[in-house]
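2 protein chains.
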Amino acid sequence: MSNILLKNATIVTLNDQNDILSRASLAISEDRIVAVGETPADFHADAIIDLSGKIVTPGLYNAHAHAAMVFARGYAEDMPLERWFNEGIWKLESALSREMVRWGVRLAMIEMIRGGVIGFADHYFYMDEVAQAVVESGMRANLAWAVFGHEGGEVGITVPETVDFVKRWQGAANGRLRAMFGPHSPYLCSDEFLARTASVAVREGIGVHIHASETAHQVQTSLAEYDMTPIELLHDRGLFETHTIVAHAIHTTPVDIAILAQSDVNVAHCPSTHLRYAMGVTPVPEMLAEGVNVALGADGAGSSVAYNLWREMRLAVVMQRQARNDPTILGGLAPLHMAARNGARALDFRSSGILAPGYQADLIIIDATQAHYQPLHSVAAALVWNTEPADVQDVMVAGRWLMRDRQLLTLDEAAILEGFSAAMAEMMSKPLGQFKKYDVGGATDQ
Amino acid sequence: MSNILLKNATIVTLNDQNDILSRASLAISEDRIVAVGETPADFHADAIIDLSGKIVTPGLYNAHAHAAMVFARGYAEDMPLERWFNEGIWKLESALSREMVRWGVRLAMIEMIRGGVIGFADHYFYMDEVAQAVVESGMRANLAWAVFGHEGGEVGITVPETVDFVKRWQGAANGRLRAMFGPHSPYLCSDEFLARTASVAVREGIGVHIHASETAHQVQTSLAEYDMTPIELLHDRGLFETHTIVAHAIHTTPVDIAILAQSDVNVAHCPSTHLRYAMGVTPVPEMLAEGVNVALGADGAGSSVAYNLWREMRLAVVMQRQARNDPTILGGLAPLHMAARNGARALDFRSSGILAPGYQADLIIIDATQAHYQPLHSVAAALVWNTEPADVQDVMVAGRWLMRDRQLLTLDEAAILEGFSAAMAEMMSKPLGQFKKYDVGGATDQ
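Chain order of the listed sequences is A and B. Counted from 1, the first sequence has number 353 at position 353 by my numbering; the numbering is strictly sequential. Counted from 1, the second sequence has number 1357 at position 357 by my numbering; the numbering is strictly sequential.
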């Protein structure tokens, strides 16, 4: 099917004017949007879909994910970050297998697509498995193979191997797939390793996805060792000279924010993780005011439990309102901008995230005819405050339906549940080893 | 149908031992639970329902509601509390009609039942309409007719009329309906009126549902006028000598908390409203530690936008973790206790809120076979952090199904959507009047 016409929809464009169109049309030809608002006279639709009472928005992006970590969902709850890492997650990860990543990422994709997430920036292991799953699912993704770069060598995968991984997948699946470097963080990578990664990244034109400034302790340690904050260090070592996603960036100074803005760094803000683990309040309003592209991430299910970007939007708002005692902050469509348009930019999909002619046909349809949407005084409030994953009726990426009327069209849900269940049983049957204990810091460290 | 057997379920009892039973049975005879765990040998089931992969919990209670206020959903967003009241809600309410309450509360009931809410403590106007809707819907409710008790007389309804209302409905619908007094708040009721309400309440054995200590400003005003906090004032004037629900109770002192505990007062904590309007952080952990019964409320849709108690649970947790920098607080089933068991107690339904023999068959069934629940390492985490309204498959109150497989059995959804839409159009067609401007205080007052 090449030409699709959506009509009578409420269309939330997320364009610069923040236009919300009523009873409007959206014309799609192949993978692209050709018109928004009025239907062009010369547009011959192969299919016309009436969307009365429905809302169309750009699809959501999960800008910081460890998607396959669904295996850790609810595994080590209600403990301080340090214990959660060392006694929970890293112990469980000692039993990680390629099988688990294969099925884990597919399970995650079911949850993401069903909730209107069309793309994710993944940062994990066995990433060829993830890439293959992205190809099959029809989603977009920007994939980084996580590397713990210690003195004297990398753990798991080397820099040249990472380069091979990136080259293998960059631009695959008609451009739905992108790949980048994934050095874990300044606290789990040596200074030398970070500088080497940066130099290869710049030379080869490869982006970087990294964690930084998750706890005040990490910042103090960095200041003690380098006389620089983690953000200043990454900047100094050249990591920001390429397209970069910094996950978390919670404990950041005004100088850090100026660096992030000037270097066009993308920040992936992960409210569920930050709030559940009491990690602190990212200065998101200051970042946005300075022009930093702040997107939203659902992180790994071990810390966030759910891959629900609607929830991340709401938590991003209430976190700031509580911290600043200001009920006007991040109002209207601001949270959706972060989740959709800023997310597309963070993942480096420059033709996605806005509903406008020439952009990719990447969109989701919300069923606002349901009781809990009535009355529709504010489309923005309906999206940000009423919408849950189950309200997403349809999902389209590059003109292809990934979900229609809540039915997944690219993933075999029953087979994935079965495959995941077997991989999970295998994982839990293994004796759990002990990862090296890392000092990550965190609230109420014990 | 008189005897129902649920089998192979995960049963979250919320009993004093916090028992979670696996592959367990729950036997229901008429409106009561007769066995939990093993099926009694002499139990002859008329219907046997296999719940493999499903979770059964007590139904949720919305302990502070203005249910019919769905008409204000998304109406006046992102503004300080004072402006929201005076320029938004109270202006819109000048066009309130009996018709709107009739349809508004029914629309709210669709949303509540669909999200697993089986009862609500309502505080509003035209309450006979609400009572009639409760009778029809099969829900439980404890209804209070809101009164603004000024010097020289009440607005809208008098104390004797409220007594008549209570007597008309107390214990109706086989005990599903309860009723109480609804003086608005210390700041909108005169001292004399509060004392008179208390004396009638005690004499007639009628409970009280009231707002208090929503803002620091209200506390300051009360201290200036009476040399007592609002909680101390209510206690002093005798309001706590009967069954009482205090909504909000945000700005409370250790002395206030001791009073609330000693007087067995129920606090309705409303996280969505408190966070969206930056009203402050209720000392919930201190209240729970002192033995105060803290339940959760979704308030009116004008301030909360949604009647989603799962969201209220999560927000209750993250609010405290952020404020106290402590990721261990309110873990496990604590949020569900507040939403279900504590809610039942707040509404004075003493045989609800726990799954145990002799208790009412008030329960909900969660479909945990879905992808976003896998793997089920923690039932508590699955309920608190994974569950959204659409995951509730079935709802039972007093042994009667209100929803089966997402189909509402007591409410005509299409007719309600139509009736509400007409009432809403009527409301918006009226010239909006101007309520008396009240000084409610609030964050960033302007």
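Misleading hints may appear alongside valid ones.
Quick look at which bits of chain A chain B covers, simulated, 3 or more residues with Cβ under 8 Å [said to hold, decoys possible]:
{"id": "1", "segment": "110-120"}
{"id": "2", "segment": "299-313"}
Between beta-carbon pairs, the in silico distance windows are [stated by the list, open to error]:
{"id": "3", "chain 1": "B", "residue 1": "R1168", "chain 2": "A", "residue 2": "D16", "range": "52 to 60 Å"}
{"id": "4", "chain 1": "A", "residue 1": "E241", "chain 2": "B", "residue 2": "E1413", "range": "50 to 58 Å"}
{"id": "5", "chain 1": "A", "residue 1": "R324", "chain 2": "B", "residue 2": "G1205", "range": "39 to 47 Å"}
{"id": "6", "chain 1": "A", "residue 1": "G291", "chain 2": "B", "residue 2": "R1350", "range": "55 to 63 Å"}
These aren't lab readings, by the way, just hints derived from the structure by calculation. Ideal Cβ positions, reconstructed from N, Cα and C, are used throughout, including at glycine.
Verification of the hints:
For the segment 110-120 of chain A, the stated coverage by chain B is satisfied: 3 residues place a CB nearer than 8 Å to a CB of that chain, which reaches the threshold of 3. Check result for the segment 299-313 of chain A against chain B: holds, 5 residues qualifying (beta carbon to beta carbon below 8 Å, three or more required). Taking 52 to 60 Å as the suggested C-beta distance range, the pair B/R1168 and A/D16 conforms, at roughly 58 Å. A C-beta distance of roughly 57 Å is found between A/E241 and B/E1413, which places it inside the suggested range of 50 to 58 Å.
A C-beta distance of roughly 46 Å is found between A/R324 and B/G1205, which places it inside the suggested range of 39 to 47 Å. The hinted window of 55 to 63 Å between A/G291 and B/R1350 holds, with their beta carbons roughly 57 Å apart.
The structure meets every hint from the earlier list without exception.
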